[in-house]
Amino acid sequence: MNEMTPVKTTLKDWETDQEVRWCPGCGDYAILKAVQRTMPEIGGTPENTVFISGIGCSSRFPYYMETYGFHTIHGRAPAVATGVKLANPDLDVWIITGDGDGLSIGGNHTMHLLRRNLNCQVMLFNNEIYGLTKGQYSPTSREGTNTPSTPYGSVDHPARPCAFALGSGARFVARGFDVSKKLTDVLKAAHVHRGTAFIEIFQNCIVYNKDVFEDFASPKGAEDRQLWLENGEPMLFGSEKTGGVKGISLNHETLMLKVVDVADGDHEAAGVIVHDVTNRSVAHMLVEMPFGEFPMALGVLYDDPRPTFEDAVVAQNKAASKGKSADLAKLLGKGQTWTVEEGGPEL
Amino acid sequence: MNEMTPVKTTLKDWETDQEVRWCPGCGDYAILKAVQRTMPEIGGTPENTVFISGIGCSSRFPYYMETYGFHTIHGRAPAVATGVKLANPDLDVWIITGDGDGLSIGGNHTMHLLRRNLNCQVMLFNNEIYGLTKGQYSPTSREGTNTPSTPYGSVDHPARPCAFALGSGARFVARGFDVSKKLTDVLKAAHVHRGTAFIEIFQNCIVYNKDVFEDFASPKGAEDRQLWLENGEPMLFGSEKTGGVKGISLNHETLMLKVVDVADGDHEAAGVIVHDVTNRSVAHMLVEMPFGEFPMALGVLYDDPRPTFEDAVVAQNKAASKGKSADLAKLLGKGQTWTVEEGGPEL
Amino acid sequence: MATALKEETPEPPKIPHPDAVVVRFAGDSGDGMQLTGGQFTLSSALAGNDFATFPDFPAEIRAPIGTLFGVSAFQINFGSRAIETAGDRPDVLVAMNPAALKTNVDALREGGLIIADSGEFGARNLSKAKYESNPLEDDSLAKWQLLAFDISALTLEAVKPFGLGKKEALRSKNMWTLGLTLWMFDRDRQPVVDWLNTKFAKMPDIAGANVAALNAGHAYGETAELSAPIKRFHVDAAPASPGVYRTVTGAESISLGLVAGAQLAGLPIFFGGYPITPASAILHHLSRLKEYGITTFQAEDEIAAITSAIGAAYAGSLGVTSSSGPGIALKGEAMGLAIMTELPLIIINSQRGGPSTGLPTKTEQSDLYQAVYGRNGDAPLPVIAARSPVDAFDCAIEAVRIATQYMTPVMLMTDGYIANAAEPWKIPDLTAYKPFPAEFMAEAPEGGFKPYGRDANLKRPWVKPGTLGLMHRIGGIEKELDTGHINYGPENHQAMTDIRTDKVLGVADSIPDQGVALGKPRAKLAVVGWGSTYGPIHQAVRRNIAAGKDVAHVHIRHIWPLPKNMGELLKGFDRIIVPEMNTGQLKTLLRDQFLVDAKPVNKVSGQPFTIAEIEAAIQEALS
Amino acid sequence: MATALKEETPEPPKIPHPDAVVVRFAGDSGDGMQLTGGQFTLSSALAGNDFATFPDFPAEIRAPIGTLFGVSAFQINFGSRAIETAGDRPDVLVAMNPAALKTNVDALREGGLIIADSGEFGARNLSKAKYESNPLEDDSLAKWQLLAFDISALTLEAVKPFGLGKKEALRSKNMWTLGLTLWMFDRDRQPVVDWLNTKFAKMPDIAGANVAALNAGHAYGETAELSAPIKRFHVDAAPASPGVYRTVTGAESISLGLVAGAQLAGLPIFFGGYPITPASAILHHLSRLKEYGITTFQAEDEIAAITSAIGAAYAGSLGVTSSSGPGIALKGEAMGLAIMTELPLIIINSQRGGPSTGLPTKTEQSDLYQAVYGRNGDAPLPVIAARSPVDAFDCAIEAVRIATQYMTPVMLMTDGYIANAAEPWKIPDLTAYKPFPAEFMAEAPEGGFKPYGRDANLKRPWVKPGTLGLMHRIGGIEKELDTGHINYGPENHQAMTDIRTDKVLGVADSIPDQGVALGKPRAKLAVVGWGSTYGPIHQAVRRNIAAGKDVAHVHIRHIWPLPKNMGELLKGFDRIIVPEMNTGQLKTLLRDQFLVDAKPVNKVSGQPFTIAEIEAAIQEALS
Ligand SMILES: Cc1ncc(C[n+]2csc(CCOP(=O)(O)OP(=O)(O)O)c2C)c(N)n1
Ligand SMILES: Cc1ncc(C[n+]2csc(CCOP(=O)(O)OP(=O)(O)O)c2C)c(N)n1
Ligand code: SF4
Ligand code: SF4
Ligand SMILES: [Mg+2]
Ligand SMILES: [Mg+2]
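Protein chains in written order, with the working numbering: chain A, 1 to 347; chain B, 1 to 347; chain C, 1 to 623; chain D, 1 to 623.
FYI, nobody ran anything at the bench for these hints, they're computed from the structure.
Wrong hints could be hidden among the right ones.
[Said to hold, decoys possible] Calculated pairs, DMTMM-like style, for lysine to aspartate or glutamate (alpha carbon to alpha carbon, straight line, at most 20 Å): (1) D/Lys450 with A/Glu293; (2) A/Lys33 with A/Glu47; (3) C/Lys130 with A/Asp17; (4) D/Lys599 with C/Asp592; (5) A/Lys330 with D/Asp394.
[Claimed, not checked] Sample of chain C residues with no beta-carbon within 12 Å of chain D, all distances over it, derived: (6) Ser152; (7) Ala207; (8) Glu333; (9) Asp367; (10) Leu368; (11) Pro437; (12) Ala442; (13) Glu446; (14) Leu468; (15) Gln494.
For every residue, glycine included, the Cβ atom is placed at its ideal position computed from N, Cα and C.
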């Protein structure tokens with residue numbers, strides 16, 4: 001998050017004159033609009049905002065935002081962002097990456113960004129595929145995914161972006177999906193969080209991985225398949241008309257989560273967990289909660305700030321410089337010196 | 001783990017004629033001996049065993065094992081190991097890496113190795129420092145560590161190797177330390193596990209990070225500061241003579257761990273958790289259990305096998321080849337062809 | 001290259017017989033132009049023509065419909081004589097929408113034929129293509145022949161019986177167009193019909209609709225009122241040596257060459273790759289060939305791709321990795337490891353426009369410096385370059401031979417043009433290739449086991465882990481002579497550096513002398529090329545020789561080490577020019593090695609040289 | 001280089017005054033030889049000698065005591081005349097144990113003096129050093145003068161009063177030895193005493209013990225019975241231009257040069273690094289200079305190091321990254337991004353022995369190819385090479401100037417020898433340097449804002465994010481002229497390629513013509529070098545000229561672009577040899593650019609050239 005005097009902007013102020021070059025129907029369009037809708041609401045100023053991306057369809061994003069933007073190289077956006085932020089901590093930095101860009105080639109930079117806790121937002125567009133290179137499977141592709149590079153189906157176990165983020169030390173982990181109305185709320189919460197805010201956004205690659213998220217993202221049956229987490233609220237989903245209200249509870253024997261029925265709104269009786277965004281143990285369970293048996297956990301799963309990297313660096317630079325001057329002559333003359341007097345023949 | 005007809009070897013069979021080039025007093029010596037002691041006990045055969053390392057003091061390890069060995073380049077041992085294992089799944093592959101090699105430059109390969117679950121052992125020598133390059137801080141160095149590259153103390157939050165491993169999808173996570181008697185048991189358990197067995201080994205860099213683990217590794221007070229986990233056993237530590245037996249229990253409100261006193265051996269009464277190596281939720285708590293307030297969790301923290309990468313690859317290669325021959329002429333002649341008859345003038 | 005149609009038709013026969021024609025299909029990314037081109041190519045093949053193709057598609061996966069940057073084009077040059085390029089300028093342009101016309105018409109030769117779908121020239125598409133007025137109606141296309149009719153409507157009409165939705169129905173437009181062009185060039189429709197029926201076997205309606213559209217387009221040609229300037233042509237079969245032929249792209253051909261090479265060496269293949277344009281196709285091809293002992297591994301990045309291949313080579317497989325410029329850059333450090341550990345590894349670079357991310361879908365030759373010089377330390381490795389899709393097959397085999405016979409990484413260069421272009425290929429008889437079985441050391445030889453001992457080729461032994469009694473350790477630190485232990489000694493480092501250098505130079509003993517592709521060995525001017533510039537250089541030189549000029553074409557496959565006679569050969573020419581799709585990289589190598597005044601001719605536009613450009617350069621060099 | 005002591009002492013004065021002496025301190029890694037050498041160096045400096053040093057330590061951090069590979073050595077060449085190398089062969093060897101003697105004695109000139117600690121020559125150490133018999137007793141050292149006595153015992157004796165443990169006490173051995181050598185060369189002990197007292201201020205016993213040992217060693221020289229062949233020498237002060245001097249290593253000097261350059265440009269520095277030998281020292285130095293507006297970032301790897309520096313440059317800092325061969329290889333792809341986005345970035349390569357991990361602690365020049373050619377695509381960037389520790393200061397400033405005045409990444413080459421070697425340095429007067437303030441565009445100029453518009457140097461504007469109204473996007477895909485938008489067009493790519501090429505070539509307009517370091521511009525033979533070969537080449541050429549030979553020394557700082565007069569200059573010589581610590585890399589550049597028959601003279605042993613080796617090469621070239 002970044003303090004700035006709120007200024008009035010409108011969605012239009014955040015659009016560039018560049019033709020948007022995603023496939024018709026791509027989920028990226030919806031995410032772009034959501035971001036452009038969010039910026040005015042958070043009082044962002046275009047000139048103090050920087051979008052930094054790697055390579056991929058998703059990473060084209062910066063070209064469409066009327067801000068400063070850097071479309072870097074594959075997987076390196078977090079490292080570039082670290083340099084930008086250390087050079088100018090006042091900038092509001094948004095990293096745009098994909099499941100390949102941020103978790104395959106760029107996984108290590110993502111990990112260290114989260115560990116150091118640079119104050120920025122990371123939007124990971126997870127379409128479970130390599131879009132730009134025409135549809136090879138990615139680290140998040142489900143087992144058995146048929147692609148040009150896995151004609152007999154992929155065999156490796158998929159990575160779980162949010163679990164990876166937590167294991168890397170993330171202090172803010174959230175989930176949303178491209179066409180969700182609530183995406184802007186998630187983005188706002190991410191922006192409010194001081195430190196690296198990691199947001200996994202399920203995104204529909206209509207060409208190479210069509211509708212893989214339909215099972216929970218489609219409006220029909222949404223309330224049964226989506227668990228939108230609200231801090232301080234019980235973890236409830238479902239509804240009376242759709243087979244009853246349900247909740248997430250903990251099996252205190254196995255210390256595993258389970259789904260419970262909530263009778264006439266009494267979630268306490270049913271032992272439904274009340275969401276505490278600062279509870280890391282629960283966060284671990286939520287990010288690994290298998291969809292199907294459970295609904296998809298969405299919204300802010302975890303949010304517990306700690307000191308940011310650039311604050312610490314700036315503070316140390318200040319402290320170390322305290323009372324010292326940038327006197328170059330002094331520096332050059334440091335250590336033991338000796339003087340050669342006039343008169344000695346020139347070399 | 002790797003099936004082979006047990007053959008009799010002795011520690012000596014696993015020693016090379018190469019002079020060991022670590023600093024006198026380095027924790028690496030103890031680990032080397034522990035491994036050389038373990039190999040005969042697991043019935044390993046030198047010619048079917050491969051030690052693969054990156055770069056670092058720890059990565060010198062393969063030169064001292066009378067097996068096949070590959071001292072690769074910085075951070076890439078997991079990727080090299082993946083190629084070795086896919087080319088010959090029968091080999092017993094041990095990856096030797098350091099906190100810099102495996103978590104800094106090599107973090108991404110470590111993550112994907114764990115995600116894919118290649119059947120091998122990963123021994124990460126964590127000395128919380130870059131030894132070979134003469135003592136710069138590493139991703140696991142504690143905040144405030146003074147090193148040549150951080151003369152005013154390091155400011156970034158350290159990575160937690162075991163938490164990172166779990167977040168990456170690890171199915172076996174264990175901890176030990178260089179001079180521990182129990183290290184061989186941990187190594188044996190790792191070898192029995194089918195899939196990537198991740199072992200964090202605290203190692204004393206006597207030159208650049210002397211005794212940073214003394215607070216729990218030193219024999220005196222060990223029982224109070226070390227929690228050795230045994231599957232099926234209650235999580236107990238301490239002793240009557242040292243201020244009482246204690247246990248690890250769960251606060252069912254906060255879902256956080258806590259230390260409880262165990263009165264006259266009745267751990268059930270005290271609500272001490274019985275260690276279940278397959279319980280992932282608990283594993284997450286154990287790897288993040290802060291030392292000081294809690295003892296250091298050691299031994300096998302988590303062990304829950306799932307299919308390995310090379311098994312899946314080999315099975316798919318087999319299935320896809322079933323009933324097909326490697327007839328090259330057929331392959332070259334694939335697709336639509338046409339014939340030019342004799343008589344047409346030569347080109 | 002195509003000679004203008006007019007010239008081909010001075011007097012009857014009813015159907016003129018030009019010796020070559022260039023056709024370009026251009027439309028929206030969604031219009032299936034690559035498919036259309038592919039099928040037309042196949043039909044040309046079956047008609048016995050020689051040909052070369054050039055697919056040119058946008059960087060975007062599916063750009064918004066109707067946009068200029070969303071245009072996808074496919075050009076084919078087919079003839080009754082040897083064809084080496086896709087042709088400089090089309091004789092016929094098929095434009096499926098205004099954007100396609102706008103972006104392609106200037107390439108059309110004067111007097112060439114435009115076939116346009118007037119149905120797509122509505123206000124919306126026109127403005128998307130930045131046309132003020134409708135070019136089909138104003139006379140801005142006057143210098144060309146124009147054939148415009150509502151292909152969309154005609155297609156909808158034709159496929160009505162199948163009751164498809166409009167969107168679906170319009171998908172058959174490309175088949176209608178194909179039908180018309182097949183008629184224009186007097187071609188048999190049956191192969192396309194068969195192909196459609198198999199392709200859409202599961203969707204009989206779609207199959208039917210496409211066949212109907214194909215037939216309708218063909219019929220339209222037959223019945224089109226005579227007033228229209230539509231003519232038919234018949235391009236005769238090209239002379240070709242007897243045998244069974246197929247079409248092949250560079251990516252296929254390299255993949256097949258690797259399989260063949262591995263069989264000749266008696267090795268399984270481990271392929272470690274990471275997707276990148278235009279290299280991905282090789283990963284895709286090999287992933288389907290598991291029964292040939294091929295394991296493909298899509299790694300987390302290019303570094304893991306090459307290092308996993310190095311691990312597999314260490315364990316006894318043929319290690320292969322493949323990428324394009326940016327990915328090859330990432331592999332540099334690991335190449336050094338393969339050089340130091342002397343393991344057989346093939347690194348394939350499908351070059352694209354650079355620097356940095358550059359122009360992913362455009363072709364270029366600007367990675368030669370990187371291939372020969374682009375590593376830390378003195379790190380020599382052999383470099384081979386393919387000159388065409390067909391040539392890539394033999395180059396791949398040659399790469400396998402060198403890698404396994406010398407225990408060394410080998411760089412195999414190709415480019416985006418070769419990777420995607422298709423040629424007719426006389427299917428080779430594998431029995432004609434001499435096997436070069438790889439040897440593994442199974443037990444200690446006389447005098448004991450030396451991991452870094454040498455044979456006559458300075459090759460070190462290859463020992464599989466798992467071999468009893470030959471345990472040893474290797475790594476990236478300087479190795480001791482023979483033992484392979486770590487050694488920092490001055491004499492040892494000098495000796496090992498010399499061995500690494502000499503081993504690679506020694507490869508030259510096993511490769512043929514450099515020949516002259518066309519012209520005389522001591523000609524006045526030599527045009528020296530490498531890689532995919534073969535076609536335009538060859539044609540340009542042929543024309544100059546035909547015009548009585550004393551010009552020769554030298555095309556280099558072995559970039560490093562260079563053939564032993566190269567210096568002598570080059571010194572025999574009065575003048576040398578080196579056309580390259582870069583700022584002059586091979587030229588550096590030749591000048592350094594032989595002190596010959598090789599003059600660069602550079603084009604760095606992401607497009608192949610035209611024959612005319614090379615001709616101009618020759619003319620300038622001779623004047 | 002040192003002339004043999006004997007020659008220096010034909011007749012009295014009581015203390016001979018040789019014009020140069022070479023001393024090598026050798027001992028176990030634990031013996032503190034680098035410290036001893038450092039203090040002796042300082043004392044030489046204070047004595048007004050010119051000097052050059054060569055620290056040579058093992059790859060291992062602390063190899064087991066007494067082993068051959070655990071030997072650490074420090075050589076200094078000091079004289080009353082200009083000194084440019086650490087000397088070919090020592091006149092005096094201090095050997096603290098058998099391993100040190102074994103590994104160093106062969107370098108000692110015949111008749112040279114050995115000072116050995118007989119106390120360390122016990123059976124155990126002898127066998128560790130692979131000695132059958134004790135060399136101090138058999139006559140295997142006959143051709144040298146031998147002074148052996150039990151320094152260990154004498155030290156223990158001297159420090160007894162401080163009641164240290166034996167291990168602790170023996171740590172002072174090196175000070176005892178230093179005391180003796182200070183006596184031998186008629187030096188003042190006080191500076192060392194002061195240094196010890198400050199260093200061990202917190203441990204007075206240790207300080208006292210070391211001082212006592214120092215004095216004891218000195219006293220031993222005074223009182224040693226006359227029978228011993230121990231002589232004293234006085235090396236007079238070398239002529240030097242008046243001013244204040246200090247000693248400086250290459251790593252310090254580069255760091256200071258960067259700070260100075262940044263001040264001249266008026267910019268903060270962002271340094272992104274990842275530890276690697278021998279480059280780490282620069283990271284270490286800069287980490288202590290926060291008050292100079294320097295932010296240092298130890299990244300997770302070299303790729304993050306350079307890309308973070310690119311990010312910082314984008315945000316308005318001077319981006320700097322530093323590594324050695326393997327790390328530079330990893331940065332290749334990102335360098336392309338800096339070239340495409342045209343941001344000011346300095347990449348420092350402290351070269352070490354290669355390929356691969358190679359010889360981390362040894363020096364080499366084998367990354368020139370990588371620097372000039374080692375990237376994908378046509379990716380030109382300026383390359384500068386430092387020739388000595390002192391020269392590195394100006395080279396760093398020059399790199400900053402070019403990077404900021406042309407908006408381009410610049411590669412700055414140094415090597416392990418320069419990084420660790422120390423020289424006396426006349427502290428420069430910064431007011432003598434012309435500032436070159438970097439400009440940031442703050443508002444749209446006349447005619448509107450063009451992110452890729454150009455000034456006379458073809459430089460594009462530098463705009464800080466945060467600047468109102470100048471928002472724009474950059475990236476690694478080919479840029480459109482002026483606008484900087486994505487553009488895949490052929491003409492545009494050609495034009496941008498030309499601009500990138502011409503901009504870098506244009507740097508030549510701002511650099512001085514290439515001069516001749518020694519000898520005549522049209523000499524019979526030119527010895528052309530770059531980097532740390534300056535010393536041996538210069539001395540060898542000087543001797544040849546003194547001997548009446550027509551030889552010249554040309555030393556190139558600007559590797560790319562080369563100075564404009566370079567071709568002309570080189571063509572003026574009859575013959576050219578190019579000594580390099582690689583297999584001939586600069587030679588490739590010169591032959592390609594100027595078609596001159598530059599002959600390589602290569603040494604790839606991890607050790608610097610000796611003067612004698614260059615002399616031999618000159619002799620051969622002249623014959
Ligand atoms: C160094 C490098 N390697 C590979 C590529 C090719 N490449 C471009 S994007 C991409 C993956 C894109 O997947 P993802 O990050 O999920 O983005 P998406 O297109 O799905 O939005 C790859 C492999 C590249 N541009 N650079
Ligand atoms: C590409 C590359 N970058 C940097 C280095 C320098 N380097 C060697 S080991 C090392 C880190 C070692 O730390 P760690 O992995 O913890 O091993 P340790 O020495 O502590 O056992 C580094 C930075 C290198 N050899 N190669
Ligand atoms: S390929 Fe997929 S992710 Fe990329 S633009 Fe098209 S639909 Fe979107
Ligand atoms: S530096 Fe540290 S880790 Fe390395 S060998 Fe010495 S003690 Fe061990
Ligand atoms: Mg994706
Ligand atoms: Mg370490």
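The hints, checked one at a time:
| no. | hint | in the structure |
| --- | --- | --- |
| 1 | D/Lys450 with A/Glu293 | violated, 56 Å |
| 2 | A/Lys33 with A/Glu47 | holds, 19 Å |
| 3 | C/Lys130 with A/Asp17 | holds, 15 Å |
| 4 | D/Lys599 with C/Asp592 | holds, 11 Å |
| 5 | A/Lys330 with D/Asp394 | holds, 18 Å |
| 6 | Ser152 | holds, 28 Å |
| 7 | Ala207 | holds, 36 Å |
| 8 | Glu333 | violated, 4 Å |
| 9 | Asp367 | violated, 5 Å |
| 10 | Leu368 | violated, 9 Å |
| 11 | Pro437 | holds, 29 Å |
| 12 | Ala442 | holds, 28 Å |
| 13 | Glu446 | holds, 28 Å |
| 14 | Leu468 | holds, 29 Å |
| 15 | Gln494 | violated, 5 Å |
When the structure is compared with the earlier hints, violations turn up for hints 1, 8, 9, 10, 15 and for no others.
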